[in-house]
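Colleague: My request is simple: use the sequences and hints to build the entire structure.
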Amino acid sequence: MPASTSPDHRLVAARARPPLPLLVPGLLALGFLVLPLLGLALRAPWRRLPDLLTSAQVLDALRLSLMCALLATLLSLLLGVPLAWLLARTDFPGRRIVRALVTVPLVLPPVVGGVALLMLLGRRGVVGQYLDAWFGLSLPFTTAAVVLAEAFVAMPFLVIAVEGALQATDSRYETAAATLGASRWMVFWRVTLPMAAPGVVAGSVLCFARALGEFGATITFAGSFPGVTRTMPIEVYLRLQSDPDTAIVLSLLLLAVSVLVLAMLRDRWTRSGLT
Amino acid sequence: MTAGLTARMRVRRGGFDLDLDVAVAPHQVVALLGPNGAGKSTALQALAGLVPLTDGAVAVGDRRFEDTAGRLRVPAERRGVGMVFQDYLLFPHLTARDNVAFGLRARGVARRTAHAKADAWLERVGLIAYARSRPGALSGGQAQRVALARALVVEPDLLLLDEPLAALDAGTRIEVRAELRHHLADFAGCTVLVTHDPLDAMVLADRIVVVEHGRAVQSGAPSEVARSPRTDYVARLVGLNLLRGKAKGHGVALECGGSFVTRDTVDGSAFVAFSPTAVALHRSRPDGSARNVWHGRVVGLEQHADTVRVQVDGPPPVLADVTTAAVAELDLTPGAPVWVAVKATEVSCYPA
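Which chain is which? The protein sequence lines are A and B, in order. The first sequence lines up with residues 795 to 1069 when you count with this note's numbering. The second sequence lines up with residues 31 to 382 when you count with this note's numbering.
Hints may be right or wrong, so weigh each one.
Unchecked claim - Partner residues aside, some chain A positions facing chain B, computed with beta carbon under 7 Å:
id : residue
1  : Thr-969
2  : Ala-970
3  : Thr-973
4  : Leu-974
5  : Ala-976
Stated by the list, open to error - If you anchor each label on the Cβ, the simulated ranges turn out as follows:
id : chain 1 : residue 1 : chain 2 : residue 2 : range
6  : A       : Val-909   : B       : Arg-162   : 50 to 58 Å
7  : A       : Leu-895   : B       : Ala-53    : 47 to 55 Å
8  : B       : Ala-140   : A       : Val-906   : 52 to 60 Å
9  : A       : Gly-888   : B       : Pro-122   : 27 to 35 Å
10 : A       : Val-905   : B       : Ala-140   : 52 to 60 Å
11 : B       : Gly-44    : A       : Gln-961   : 21 to 29 Å
12 : A       : Leu-873   : B       : Gly-100   : 38 to 46 Å
13 : A       : Val-901   : B       : Arg-93    : 49 to 57 Å
14 : A       : Ser-977   : B       : Arg-93    : 36 to 44 Å
Derived by calculation from the structure, the hints in this document are not laboratory data. Just so it is clear, CB atoms sit at the ideal spot from N, CA and C, and this is done for glycine as well.
Modeller: Laid out in structure tokens, this is it:
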């Protein structure tokens, strides 16, 4: 029975001791990734935790952060899903260049993104000067600026995840829907989007997580005004000098959210794998 | 009911060239029968509006779908045709009911009415118990029935079936084929069926168009096509020996050499057809009444259900069906010399 021999071979290979030049750096890498988080937990002021967690500043930062990350995710969904659809389902000249442009914010240092947003939407920015002159609208250093900065950095995660999901769904279902009389919009809404739903959810979660942790673009474009633009990562950075305990508590909170996001993604992926 | 389908289709894509005229009367089923890659599916997609015509026109009654001369092209979603795909393409995220109701909802029918009509159709195909099931929970035969219901619920003028039975196993196939025939009999519109299975075409269609290399090579009633094949492909499908030649009276001078006596009288270019069961094999020259006798060599043997199909080279080359016992008696092995006899009364001849 050849079927039973190969798992045996694999078992033997797995039991054999891995070579030291691989084992030692591997364990070091693991420690390097996990130990700092452990340090965070060890240094946490557990006894004062309830008080700190419910303090006004922490709650303000938490509320602002959640709201901005949520709005940034919504904005990304509203604009990013159609962009992903255009990339996956239509053929236009320069599509490859557009796809490359979409991924730029992924590799761009966020602080550069913040500067770029200022150059475009700042009071003397390319577009911002007219917003100011015609509507009296000034975006920088407002909560709206936080949302824009976060969306700028996080939207590519969503676009790429959704585009991948769209590429993976069989477009012949859309053909079938067309023969049944569905308009292109109805095909998208009733067939394409539901079939790509696991990818859209995964993309949204990634996008939300990235928006929640956003620091560089936010502080550059939106500044740091308590209750208006001072999100949790900025609060953590500022508190670290004056009030390390609060900084640690906020960090733990962000860590908890990250773990939650990971758990949600895993759940989504295993479930989407079943259909 | 509206008048029938008239289509003059010319599609050129890459190296492929489809040039096919199809006319279907209301209540009629026309089968496009042909090997894989013959262009049948492309023709069906052109009718549905999924592939643009390079040249030609498609109309159902006075509704013009496409006319390259008038630069008219109605998109697929506004043609209102019903289409059943080979692998059904039921929407996996919708229940059977929502799948069937989809076309009605697309036409703006209220949800309640659409669901009621969908349920009526599910009842008709015997699947009302599965109304809330997702396609993933349906068997192949059940999915096929839901796909048919989904296509017919909108009462289309034109129904397109793309290899509707190809994905089913042999047992289910017989059953679903009989049901499909029953539903097609009730359907008032025109039906175009694409298949590579001659049995599907024979059972379901009123008329068969044989398509090879993007061209119609033969068309006619199923019995006519089965009796008088005009290409080697069709002859193989319907299981007949087919030879070509020049006929004069009962005699035919074969293209491949040799001559044949047939029961029909034809003058000019002609086809000669006879069943492999009409071919007798002998070890020595037979002295019976058979008018067509020649010497050949066994090229191959193939076991069928209870007979053996023997391939004999010629001229003319033929297939003969003999019993397993005869194979042993005659000691038929590849390379063995053999005498072939066919009675003239078993051989039909018709003009090419």
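Colleague: Output the numbers, in ascending order, of every earlier hint that fails for this structure.
Modeller: When the structure is compared with the hints, only number 14 turns out to be violated.
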